[in-house]
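Following the hints, position chain B against chain A.
Now for the letters of each chain:
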Amino acid sequence: MSTSRTTTTRPDAIAPRAQRRDSARRQSRLAWMLVAPTILIITIVVIFPTLTAVYQSLFGVKGIDPETGFVNDTAPFVGLQNYANMFIGESGARFWNAASNTTIFALLTVTLETILGVTMALIMHRAMRGRGLVRAAILVPWAIPTAVSAILWKWIFDAHGAANALLGTQILWATSDIPAKMAIIVADTWKTAPFIGLLTLAGLQVIPDEVYEAAKIDGANAWQRFRRITLPLVKPALVVAVLFRLLDALRMFDLPYILIGARKGSVETLSMLVQDEASNLRYGSAAAYALMLFAYVFLIAFAFIKVAGAEVIGAEEKKKIPLRQLFVNSRLPWKRSRKAQEEVA
Amino acid sequence: MKKTLSTMMAVGMAVSMLSACSGGDDASTADGGAFEGRGPITYVQGKDNSGKLVNIIDMWNKDHPDEEVSLVELSTEADQQRQSMIQNAQTESDAYCVLSVDNVWVSEFAANRWIDELPAAEFPKSEIMDPVWKTGEYRGKLYAMPHASDGGFLYYRKDLLEQAGITEAPKTWDDMEKQCEAVRQLPGYENIGCYGGQLAKYEGLTVNVDEAIHSAGGEIVNAEGKVVVDSPQARAGLQKLIDGFKSNFIPQEALTYKEEEGRAAFESDRLVFYRNWPYQYSLTQKTMDGKFGIAPMPGLEEGKIGASSLGGHNAAISSYCKNKATALDFVKFYTSKEISDYQLKEMSLAPTYTALYDDPKNIEDYPYLPVLKASIEAAAPRPQVANYGDVTAAIQDAVFPALKGEKTADEAIAQLSDKLNEIVK
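Protein sequence lines, in the order shown, are assigned to chains A and B.
Quick note: the first sequence uses full-length UniProt numbering, first residue 1, plus one each step.
Quick note: the second sequence uses full-length UniProt numbering, first residue 1, plus one each step.
Only chain B is shown next, with the shape it has when bound in the complex:
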């Protein structure tokens, strides 16, 4: 039944889309814990834009000529990567062995037993930043070892703030409002937008709303998997965003911002503050070096910095992998401090090891590291649930109309709470 799935789907969509399913149902049975078998394996991830990943694979292959790792590159699109990995799991194929999973997929993959539980004791938990480590867990057990992290922070127009006589980055949402008012006093900037994030209706919206709710001290789904979004804190967090749109603190067009649309607005004098991932740093440096600064996410209350959602990828072992002993060794190698350091320097990936953020040489080369560290330390993972796709869709469906002003925060939170109670079990 599983194997005919892709053929079946083709009927409705287009008969021509019919694709042959790869066989391989004779793959080793999945029983978590036993990592046996050595030999060549595959490592699967999305397209590597840096072109440096092969060097890491080569390093391993040089030392392990009998246990060669071959790289399988999937699409650049996250959805398609997930789709390919799920198809591989459903056909129980051993074509994919070590998987690089987006950290929000970990629960889904673990709950479906598409990936094996990892021996947590064999990984250096104490050296890894705690929120990052937790992204690899499902129900308190480690299923995927983080190999790259990511946290959001605030980009701000240092030059405009300075012109308005402000030298300090905002620490709270109120600071931002005051500072933006000051910038709006400058000639030519009367109508500049104050704040923007990824507020279009897609995964970015979930990230941003999750951050607002966490920053206000609320949660959507707690660590035990219970829906707890119906709380005064969560309402307050969402209310901040709604008020932002109402008072024109957040411009209406932010409803169309994904990462790059927002960056374009920030770089073309349309935004004073913009929340984005670290990748923007080097890009913006090219166009407006010295004109911008970075700070941790501003808090909603005095004295508390905002919470970031965590991005990043984790390495997991497919349940249908044949040479699992090799796979486990490779995961250890790939998530080691040395490789994390290499990835920071050559591939601009955020490290998972605390020590790399504190290294003075690194801070000199990558000035955003202390800010990123603060952001990640205050970060919380997005809801860790088996059906994350439904949960993120429910969040977007409930919240987006509220941001457009068609619903109150209370209504949106109530709707979301009902819906989540229906889908999270």
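This is chain A alone, in the form it adopts within the complex:
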């Protein structure tokens, strides 16, 4: 980041801005006052805890005094050891297993949910008899709390449950690796596809019928109408739905925790790893893992908005923005204004 900042010092670009009139300056002061409460709240609920977490992640586990048997009062400062542990030995293996589980679950469930959700939306959108009933039926899984649906699926995937009875198998779903993952993916898809369906349905309902009628007259078949009209027009809504789901899926915790259980390598996600570390009083490594998860979720969201969101804006603005430009644009504003003041002086 520091390198990008140094490359942006272009006096010739700043100079004209320095000559802004008084009113503009007053306006910017007003703008600051208006956003100040928001910034304050974000500082309290996001920035401050994040910084504390960063600080916390530099500390290790409190040792036990072998003489007294008591735990020491202070945690030792270990620097970046908690981060290094993500790459070495058992803790590293566990971290990468959790990271890959998280990624697999997020990618697979969101893909399946998107396909299913869009299908559901198309069905719900159809004008047919009993549409209300169909809509209600599709939305039921979404209305059930995750913990409850996890327990329902736990019964289904029991050794003597419905899944084995239907498939005519004797799989012990909870104890084997791939079946446990499949159980989670099935349960999560079942539960959250309606969410994508719901948001897509909202998108579908703003598409005017005339567009379809015109396409029909032009001789477009159903698939062409879906590809060329429905999909592009519903895309803004769909992108938001997929983004929400993606962020949710990356933080997945309760479903695997209840359906399969804690500390099961087959389904352990990063959130579960954080929880486990924290509940065993290893707050330093828990904070380090939490920050990694935070960074990961942030990056995915960022990349997703860049890739999918840029097209939403419209054709003329669709040019690619170099990554460096983003940091330039988000440069700290007060520094910029100070530089501007220096220019004036």
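Quick caveat, the hints were computed from the structure, so don't treat them as lab data.
Label-pair distances were calculated between CB atoms; the ranges are:
hint : chain 1 : residue 1 : chain 2 : residue 2 : range
1    : A       : Pro145    : B       : Gly405    : 32 to 42 Å
2    : B       : Lys345    : A       : Ile88     : 54 to 64 Å
3    : A       : Asn72     : B       : Arg38     : 32 to 42 Å
4    : B       : Ala95     : A       : Pro145    : 22 to 32 Å
5    : A       : Asp73     : B       : Thr287    : 52 to 62 Å
6    : A       : Ala301    : B       : Lys425    : 39 to 49 Å
So these bits of chain A aren't anywhere near chain B, every CB distance computed over 10 Å:
hint : residue
7    : Gly60
8    : Gln81
9    : Ala99
10   : Gly130
11   : Leu152
12   : Phe195
13   : Ile217
14   : Ile229
Beta carbons: idealized from backbone N, C-alpha and C, even for Gly.
Same frame as chain A, now just chain B:
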């Protein structure tokens, strides 16, 4: 730093999970031994399903109008109870005073000085069953007074054994094997599972493996806190379980059994023998009265009964409690014989006092008491270490693959020994 912990954790998990920390850092400083201050206190435990706990609290409150005890009920989940109590301790809040701790947490709470050492001389040690008393100790000092115990025993299908011509409950693992073979000769029971316990990968697995190792004369962590799991006895104990799975004496699906899954298997003709806690007795009585019997845990060798792990809860006093004199009095009252008797009768909790097990009236009303007594007398506590969470996780991680047949007993014990030496200091 401590106080921002819960806020900090929220960042990674979900910013929305942010919860305000309760204040109270001005709570009295913790110095064990001094029990001063009288006044209202709180008693904290998991949710009371019996609904009778309030009666006990009322009994106290009637006699002590100036030192009222108010009940704080936490989640039914043990993990969440522990979490709440730890959070309370880390914020040094005086909101929780007398804590009902699961006996495996005692060492952790004591080592972190979240609870005060109790004056052992003021409690009737000689009347309490010895293994139960020991669950309250950390490094030989009493930190939490037991108020309810629990021990495992063997449920068996008396009706099936009788049909196979057997009238006696099994005393050893070999007996069980022979008796099960006999049951399997009966028409319709060719494929019945023989034995089951709580063998899914969770705390129950630690309990069951601990029992197998103790029954074979081994230990995981000894009374001095040393890791001693790398012994021929411990290997033999684990080997029994592994062989059980291999020979189909223990059905594969037992790898998914927690308490209730196993009970369902036992009650639906899928198991001849099942290890579980006493709570199952009254439940199974409802569905299959007269068809089942109970016995102490079978031993691995002739002439020795098996060892049970001890369950149960102990009463401890939070270091950050304000009115500790009242708290100590309440702990004495709550762990008294009268209350233990009341809890046996009204709340189906296993007593801590030897005399209650020997009372003929009690035995008549609760036929499982002699079996439970034998089970508890032969019982050993699970490892009493400050970081029990890591230890139980290490046990589960090492042993579960061995039960699945992916590792030998030797490999599992070696792995466990290494890991425990790393985490137990």
